[in-house]
Amino acid sequence: MSVDFKALIGSNTYDFLREHPRLGRRVILLGLGGSYAYGTNNAESDIDLRGITLHLPSDLLGLTEFEQYEDENTDTVIYAFNKIVKLLLDCNPNTIELLGLDEEQYLIKTALGQELLDHRGLFLSKRAAKSFGGYAGAQLRRLQNAIARDSMPQPEREKHIYNSVKNALEDFERKNAFAGKGDVRIYIDESENSDFEKELFIDASYRHLPLRDYHNLLGVMNNVVRDYDKIGKRNRKKDDNHLNKHAMHLIRLFMMAIDILEKGEIRTHRTDDVDLLLRIRTGGFQREDKTFSAEFYELLADYEDRLEKATKKSVLPDNPNMEKVERFVEYVNRRTVDGDF
506 MSVDFKALIG SNTYDFLREH PRLGRRVILL GLGGSYAYGT NNAESDIDLR GITLHLPSDL
566 LGLTEFEQYE DENTDTVIYA FNKIVKLLLD CNPNTIELLG LDEEQYLIKT ALGQELLDHR
626 GLFLSKRAAK SFGGYAGAQL RRLQNAIARD SMPQPEREKH IYNSVKNALE DFERKNAFAG
686 KGDVRIYIDE SENSDFEKEL FIDASYRHLP LRDYHNLLGV MNNVVRDYDK IGKRNRKKDD
746 NHLNKHAMHL IRLFMMAIDI LEKGEIRTHR TDDVDLLLRI RTGGFQREDK TFSAEFYELL
806 ADYEDRLEKA TKKSVLPDNP NMEKVERFVE YVNRRTVDGD F
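Counting the sequence shown from 1 gives a position; our numbering is that position plus 505.
Wrong hints could be hidden among the right ones.
What the hints assert, rightly or not - Restricting the straight-line Cα-Cα distance to at most 27 Å, the calculated cross-link-like pairs of lysine-lysine (DSSO-like) are:
#1 K664 with K703
#2 K671 with K703
#3 K814 with K631
#4 K703 with K680
#5 K768 with K814
#6 K664 with K511
#7 K818 with K588
#8 K664 with K750
#9 K588 with K614
#10 K591 with K703
#11 K814 with K664
#12 K686 with K588
#13 K631 with K680
#14 K591 with K664
#15 K591 with K614
#16 K664 with K829
#17 K829 with K680
#18 K671 with K631
#19 K671 with K829
#20 K768 with K818
#21 K511 with K631
#22 K588 with K680
#23 K829 with K614
#24 K818 with K829
#25 K614 with K818
#26 K817 with K768
#27 K829 with K631
#28 K680 with K664
#29 K588 with K829
#30 K671 with K814
#31 K511 with K680
Source of the hints: derived by calculation from the structure; they are not laboratory data.
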């Protein structure tokens, strides 16, 4: 059954869009999020909306502050302009997808909203490899690893944990000032534990590193391994559908990252990939015992390889051009202060 989304946001349930002082005519973009945005929705899918609103002049010139508005009843999140710019600069998957919807998936789009879409290239860089293939992969892949832990050979499972830890570590180091203070190396070697054939090891060498920073570094890696073991003890009957959904989104995130790096395009609505994604979501890659098949892991390995190659060959810059970004942000915020929107 199709949904008339524009009629929906005109209903009383969405009155906050018109009545809240930080929304109303200040909303420059509002679009679909979640499964409806990706084209993977089913009859049970929730409706998620994501948007961008301009600041009040007092946020920019005075002492008030604002980052985002959330309406839990409707699963709506609307970001303040400056806040979403910071997220977009890191190619944050949950926000940059708002810039890659199909035209009919935008429910509100003002002239400034269109200008932001016209400037979406400002935010595309090789950071997408880490934000999509790193952060998202580390969070989601450990879930599907848990399903396979009973059927997958232990050395293979250790490789998947290694990839998750490595990606989480690289993302942490990029966001923190560790340069010049030493390094840490994660690798797989013969295990000294009789319960394992292969095992993850760590070599760390730092000088004059604050203890709290080192504690946080170890915490990032520990959380990946701990959560993997914790999820491995889950109630499989209860969680299979949930984990299949996350496995689907894992592959979708790789797809989006590759598009950004290879083509410089944000393609949120996965029109050409829906059949594959829905096959994952509905358990098409599960064995009779509800573990993932080898075919799924081959698919995952293929996308990991494609992402690595796309990152190396991409013509995108390593980082966004901050001078151009600053000019655009100042342009939008000047118009905001002047009421010219």
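So which hints don't hold here, by number, going up? Result: hints 4, 6, 7, 10, 12, 14, 16, 19, 21, 25 and 31 break, sorted rising.
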